[in-house]
Each structure stands twice: as structure tokens, then as C-alpha cells.
Amino acid sequence: MERSKFTWVAVAAVAAGVTLSTGSLARAADGDAESHKEGALKRFDTEMSRTGEVGDVDLRGTKGDNGIVKAGRLGERPETKVTRVEPAPTPPAAAATLALSDDVLLSHQYEGAFAAVDNCRFDVARRRVVPPSEIQAGTVTFRWLIDPSGHVHDMRAEVVSATDKDLIKCAEMVLANWALINPVEKPTVLERTHVFRKLSASDKGRPVRVGTKD
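Just so we're aligned: 90 in the numbering used here is position 90 of the sequence shown, and the numbers increase by one with no gaps anywhere.
Rather than coming from a laboratory, the hints here were simulated on the basis of the structure.
C-beta: ideal position from N, C-alpha, C; glycine also.
Errors might be hidden in some of the hints.
For each label pair, taking beta carbons as the anchor points, the in silico distance ranges come out as [what the hints assert, rightly or not]: (1) V129 x S107: 31 to 37 Å; (2) H153 x D103: 15 to 21 Å; (3) D203 x G150: 20 to 26 Å; (4) E134 x I181: 35 to 41 Å; (5) L180 x R84: 20 to 26 Å; (6) K186 x E134: 19 to 25 Å; (7) P87 x T139: 43 to 49 Å.
Could you build all of it, start to finish, from the sequences and the hints given here?
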């Protein structure tokens with residue numbers, strides 16, 4: 001291609017009656033090529049920078065409201081639906097039952113508690129303004145759950161022999177609020193069958209405090 005341009009320039013020079021040297025012809029051909037290249041780049045840049053108008057699309061002839069065709073509802077896929085299966089809750093570990101008499105340390109700590117349980121008879125008698133001998137006090141099996149923090153749960157009382165219900169409630173309150181030091185390593189059900197002590201002669205002769213009945 002470069003050789004053809006060189007020849008064309010030489011022919012044009014001869015036709016014009018101009019005598020050119022070989023070097024002059026070469027420079028003329030190079031200049032023409034450069035000019036052609038710049039022209040091509042300008043045309044390319046013009047084409048890339050050109051903007052045009054956006055035409056309006058008339059959809060009035062189509063079906064549906066406002067010229068837009070409504071899409072149909074997709075059907076259910078045939079895949080099997082996957083649902084989350086919640087794991088079964090782990091049942092709480094059953095607490096071991098311990099007879100209070102079988103644990104020397106616990107039994108020692110509860111000595112004061114059951115002494116206060118015996119005194120519940122006098123508290124109930126004072127509230128009712130009756131002699132302590134009129135308050136039935138027999139045998140009751142107490143059973144309660146205690147955790148390592150010392151908190152008591154699920155206090156229950158099973159009457160073995162006739163015992164006043166208010167006396168049982170008072171005893172349960174005493175046991176539920178009795179403070180222990182490091183009672184158990186894990187939740188434990190404690191059990192004790194308590195026989196309320198018999199009244200002594202001095203107990204029977206205790207004066208009854210005058211007050212209002214509950």
C-alpha cells in the first residue's frame with residue numbers, strides 16, 4: 001500500500017512538470033499516510049460520540065390494560081418442599097432422691113430448720129388464740145428439690161398422721177427459706193419424715209398471747 005502511494009505521488013509530480021528527488025517523494029507519501037490516519041481517527045471519534053433520538057413504541061394495539069400484556073401466574077414447581085424439623089427437646093435430667101438422714105452434713109445443717117418447724121405449732125396457736133395442745137401435730141413426710149445455689153423448688157408434704165394444715169404450711173415456709181452453705185453439687189430431691197414432738201408440761205402451760213385471729 002505504501003509503495004502505491006509513493007508511485008501516485010511521483011506520477012502526479014511528473015504530470016505537473018515538477019522534478020522530485022527520491023527523498024522528497026518518500027516524505028510526501030509519509031505525510032499523506034499520516035493525514036489519512038488522522039482523518040480516520042476523527043471519523044471514528046465522531047461516530048462514537050454521536051447521539052440519537054429514542055423512538056416511541058406504540059403498544060395500544062396489544063392486549064391487556066394500558067397496552068401491557070399481563071403475565072400469567074407461574075405454576076407450582078414439581079420439587080419436593082423442604083421443611084425444617086425441630087430437634088426434640090432434651091428432657092431434664094432426673095434429680096436423685098436423697099434421704100436427709102443419709103447425709104450427715106445436710107442433716108446437721110437442717111437441725112435448726114426442723115427445730116423451727118416444731119415451733120410452728122406455737123405460732124399457729126398464737127394466731128388462733130388457742131392453747132398449743134389444740135393444734136394437731138402428727139407425722140408428715142416433707143419432700144423438696146434443692147439446687148446447688150441453695151434455692152428450693154417443688155416443696156411437697158405427705159401427711160402420715162393427722163396434722164393441722166396451717167401447721168404444715170408454716171413448716172413448708174421454714175424449709176423453703178432455710179439457708180444452707182454449699183448444699184449439693186447437683187439438683188437433688190431431699191426427703192425427711194418428721195414427727196412433731198410432743199408437748200411438755202411447760203409447753204401446755206404457756207400463756208396464750210391475746211390478739212386477733214387470722
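### Message
Taking 31 to 37 Å as the stated bounds, is the beta-carbon spacing between V129 and S107 within them?
### Response
holds, 36 Å
### Task
Hint says 20 to 26 Å; check whether the CB-CB distance for L180 and R84 agrees.
The hinted range 20 to 26 Å is violated for L180 and R84, with Cβ atoms some 44 Å apart.
### Query
So does K186 sit 19 to 25 Å from E134, Cβ to Cβ?
violated, 43 Å
### Query
Does the Cβ distance between P87 and T139 fall inside 43 to 49 Å?
holds, 46 Å
### Task
Note whether the CB distance of D203 and G150 lies within 20 to 26 Å or breaks it.
violated, 32 Å
### Query
Given a hinted range of 15 to 21 Å, is it respected by the beta-carbon distance of H153 and D103?
holds, 18 Å
#### Entry: Outcome for the supplied range 35 to 41 Å, where the beta carbon pair is E134 and I181
With Cβ atoms ~38 Å apart, the hint holds.
Violated hints for the displayed structure, listed by number in ascending order: 3, 5, 6.
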